[in-house]
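Colleague: As they're listed, the protein sequences go chains A and B.
Note that our numbering has the first sequence beginning at 1, numbered continuously upward.
Note that our numbering has the second sequence beginning at 1, numbered continuously upward.
There could be a bad hint or two in this list.
Which copy is meant is left open, because identical chains are indistinguishable; a pair holds if it fits in one copy or across any two.
What the hints assert, rightly or not - List of simulated lysine to any residue pairs, SDA-like, C-alpha gap at most 25 angstroms: (1) K304 x A54; (2) K67 x N83; (3) K98 x K304; (4) K330 x Q196; (5) K67 x Y280; (6) K339 x R262; (7) K47 x Q225; (8) K47 x Q97; (9) K244 x S332; (10) K37 x K142; (11) K304 x E12; (12) K325 x D267; (13) K46 x T204; (14) K339 x L257; (15) K339 x L300.
Honestly, the hints are just simulated from the structure, not real lab data.
2 protein chains.
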Amino acid sequence: MTLDDLMNRLGEWLKGEGPNSDIVMSSRVRLARNLNKVPFSHWATKKQREQTLASIKEALADNEFLKDGLLISMKELDEIDRNLLVERHLVSREFIQKPDSKMAAISANEAISGMINEEDHLRLQVMKSGFNVTGAFDIATKIDQSLAGRLLDFAFSSEWGYLTACPTNAGTGLRASVMLHLPTLVLTKQINKVLQAITRLGLTARGFYGEGTEASGDFFQISNQVTLGQREEDITDNIERIIKQVVEYEQNARQMLMAQERQRIADRIWRAYGILKNAYIISSGETIELLSSVRLGVDLEIIKDINRHQLNELFIFIQPAHLQKLEGKKLSPQERDVKRAQLIRSKLLSS
Amino acid sequence: MTLDDLMNRLGEWLKGEGPNSDIVMSSRVRLARNLNKVPFSHWATKKQREQTLASIKEALADNEFLKDGLLISMKELDEIDRNLLVERHLVSREFIQKPDSKMAAISANEAISGMINEEDHLRLQVMKSGFNVTGAFDIATKIDQSLAGRLLDFAFSSEWGYLTACPTNAGTGLRASVMLHLPTLVLTKQINKVLQAITRLGLTARGFYGEGTEASGDFFQISNQVTLGQREEDITDNIERIIKQVVEYEQNARQMLMAQERQRIADRIWRAYGILKNAYIISSGETIELLSSVRLGVDLEIIKDINRHQLNELFIFIQPAHLQKLEGKKLSPQERDVKRAQLIRSKLLSS
Numbered sequence: 001m002t003l004d005d006l007m008n009r010l011g012e013w014l015k016g017e018g019p020n021s022d023i024v025m026s027s028r029v030r031l032a033r034n035l036n037k038v039p040f041s042h043w044a045t046k047k048q049r050e051q052t053l054a055s056i057k058e059a060l061a062d063n064e065f066l067k068d069g070l071l072i073s074m075k076e077l078d079e080i081d082r083n084l085l086v087e088r089h090l091v092s093r094e095f096i097q098k099p100d101s102k103m104a105a106i107s108a109n110e111a112i113s114g115m116i117n118e119e120d121h122l123r124l125q126v127m128k129s130g131f132n133v134t135g136a137f138d139i140a141t142k143i144d145q146s147l148a149g150r151l152l153d154f155a156f157s158s159e160w161g162y163l164t165a166c167p168t169n170a171g172t173g174l175r176a177s178v179m180l181h182l183p184t185l186v187l188t189k190q191i192n193k194v195l196q197a198i199t200r201l202g203l204t205a206r207g208f209y210g211e212g213t214e215a216s217g218d219f220f221q222i223s224n225q226v227t228l229g230q231r232e233e234d235i236t237d238n239i240e241r242i243i244k245q246v247v248e249y250e251q252n253a254r255q256m257l258m259a260q261e262r263q264r265i266a267d268r269i270w271r272a273y274g275i276l277k278n279a280y281i282i283s284s285g286e287t288i289e290l291l292s293s294v295r296l297g298v299d300l301e302i303i304k305d306i307n308r309h310q311l312n313e314l315f316i317f318i319q320p321a322h323l324q325k326l327e328g329k330k331l332s333p334q335e336r337d338v339k340r341a342q343l344i345r346s347k348l349l350s351s
Numbered sequence: 001m002t003l004d005d006l007m008n009r010l011g012e013w014l015k016g017e018g019p020n021s022d023i024v025m026s027s028r029v030r031l032a033r034n035l036n037k038v039p040f041s042h043w044a045t046k047k048q049r050e051q052t053l054a055s056i057k058e059a060l061a062d063n064e065f066l067k068d069g070l071l072i073s074m075k076e077l078d079e080i081d082r083n084l085l086v087e088r089h090l091v092s093r094e095f096i097q098k099p100d101s102k103m104a105a106i107s108a109n110e111a112i113s114g115m116i117n118e119e120d121h122l123r124l125q126v127m128k129s130g131f132n133v134t135g136a137f138d139i140a141t142k143i144d145q146s147l148a149g150r151l152l153d154f155a156f157s158s159e160w161g162y163l164t165a166c167p168t169n170a171g172t173g174l175r176a177s178v179m180l181h182l183p184t185l186v187l188t189k190q191i192n193k194v195l196q197a198i199t200r201l202g203l204t205a206r207g208f209y210g211e212g213t214e215a216s217g218d219f220f221q222i223s224n225q226v227t228l229g230q231r232e233e234d235i236t237d238n239i240e241r242i243i244k245q246v247v248e249y250e251q252n253a254r255q256m257l258m259a260q261e262r263q264r265i266a267d268r269i270w271r272a273y274g275i276l277k278n279a280y281i282i283s284s285g286e287t288i289e290l291l292s293s294v295r296l297g298v299d300l301e302i303i304k305d306i307n308r309h310q311l312n313e314l315f316i317f318i319q320p321a322h323l324q325k326l327e328g329k330k331l332s333p334q335e336r337d338v339k340r341a342q343l344i345r346s347k348l349l350s351s
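I would like the entire structure built from these sequences, with the hints used as guidance.
Modeller: Okay, structure coming up:
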């Protein structure tokens, strides 16, 4: 597998299937781990960081879950390729800022990935299509155990649990999240109440494009805020239970809206489709908004000539690095808006 | 010919051909005439109005230009049919307010029409596709002469010329106008300067849907303000000369825009087309705006799968009375917005 292979397909977690995949795009579990008696990445000397890199790299290269995948040094990649990994949700935006002593591991189907020397020595991520936090957690646990059982000695305190660079990740080191599409709660203005309730229950919401981004186009990434003082299973059970309710709210809102304002919804959905199929210049913000409406159209079976997988493909490929990778060169924001519109037209026409 | 025939076709003046028909939709000449020694319609008794009606009706029924056409009493029509005539630009909105003692004459191709007992005893109108004021005037003159020469004695003063109910129409009784489509002058914000210049030169601008309406969707109906103290030929020459310049301004603006911002124009045009083809609810205001962009697209040969005649058909048939006539019953504004979208989708899909 090479990096260029990413351009020919989508990660398995974007296949648009799995439980409640009309509302839950994907589920993700991330574990933060650090080597015992080695300074955290930010405090480590260059030599120490290189040593951390070497030992974790060896462990990952050897791991059965990551075989046939990719193990790449950030320093070897140009700016577009680094951003490509961010856009694929495989590494964090922070991770690519300073590429020294950093490597990423990516499984062949993109379901599993690891960052070496991000904030923590190792960040391990497992993604699943649809609503399947437990499934993602089970795999993450197996990889964690296989790593800890063989080569790596992780920093662990019997009092605090796993030690992490930032105390907000200590304890389980576990961050579970789901990507939700809640267009009808947004449309019916119930979303703020839902997000407030979620926050009171210890969860937090972000946008589709990750940490620090606004929720856009009705997509919300919901994750647990607390990692300490709870068992792993409590965290995953808690998020599954709460998200199940949010899913039901969105389902009910969709049913109500279809019963009461079918025409208005159809109008909104088909207009979005019409614009996407015809525009010659389009920003990523507008694209996300319109794709959100079209996705709802597919979920409500109003639009039948396109499926969720094709829409997910657009969500990923309309991003700046993907567009530039497709074009084989750097593009100005204006050039990207033209290229983006062209890509969307060709994908929707061939659908 | 019956009134229902109107629903199966368009007036000849909307065929989308003729000189400069990319910018000048149509040309129109209207003559105001009153019978000698008979009170103007507003001042006349019911009996006098009926007498006026009878004598003009007889003259029109007999006229070679109007044979095979329609001569209809407003009282016989229901509200939808009356408004249908307004929407076809065959009678004025004022004409249908009080239907008593009023008749309309319509030639088979809708190029010629007459109103009996509007503000003046007879308003005669001739319309031509494209930029052809002189052509319309020539026909109007012939009809005027054929009427005056046979049955009718028109009120005429050697000092004032033709006498009319409102002094602003006295003299020639001639109003010449052209319907212009000036999207690029609007887009490049040159339109106000152009309209100001036009006004200084004795012309006045209105919207597509007639007197008292705002110019909408970049359509402007330009006509002469003064009817008195000029010869007929001066009036038609003046408007032809000025409009010729406006046409050149618009042509130049289109060339400039295509050279400098081809992509932005294509984006605007195709988005409009995409929305029209896909919307399920659409107001007449938005429709006009979007049709304006699509028409520009056809003129610039960006859109090739539809022609001006088809667009003109939409301009006419998306109006309230046409929609209600098609549906065979009264529709609320909300129902019309749905019916309008449906009509547009079906017309554009079959194009």
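Colleague: All the hints need checking, so say for each whether the structure fits it.
Modeller: Quick rundown of the hints versus the structure:
no.: 1; hint: K304 x A54; in the structure: neither (50 angstroms within a copy, 62 angstroms between copies)
no.: 2; hint: K67 x N83; in the structure: within (23 angstroms within a copy, 75 angstroms between copies)
no.: 3; hint: K98 x K304; in the structure: neither (45 angstroms within a copy, 52 angstroms between copies)
no.: 4; hint: K330 x Q196; in the structure: neither (41 angstroms within a copy, 47 angstroms between copies)
no.: 5; hint: K67 x Y280; in the structure: neither (42 angstroms within a copy, 51 angstroms between copies)
no.: 6; hint: K339 x R262; in the structure: between (34 angstroms within a copy, 15 angstroms between copies)
no.: 7; hint: K47 x Q225; in the structure: neither (33 angstroms within a copy, 88 angstroms between copies)
no.: 8; hint: K47 x Q97; in the structure: within (19 angstroms within a copy, 92 angstroms between copies)
no.: 9; hint: K244 x S332; in the structure: neither (42 angstroms within a copy, 42 angstroms between copies)
no.: 10; hint: K37 x K142; in the structure: within (24 angstroms within a copy, 106 angstroms between copies)
no.: 11; hint: K304 x E12; in the structure: within (22 angstroms within a copy, 41 angstroms between copies)
no.: 12; hint: K325 x D267; in the structure: between (35 angstroms within a copy, 24 angstroms between copies)
no.: 13; hint: K46 x T204; in the structure: neither (34 angstroms within a copy, 79 angstroms between copies)
no.: 14; hint: K339 x L257; in the structure: between (35 angstroms within a copy, 21 angstroms between copies)
no.: 15; hint: K339 x L300; in the structure: between (30 angstroms within a copy, 23 angstroms between copies)
Violation of the numbered hints given earlier is confined to hints 1, 3, 4, 5, 7, 9, 13; the remaining hints are satisfied by the structure.
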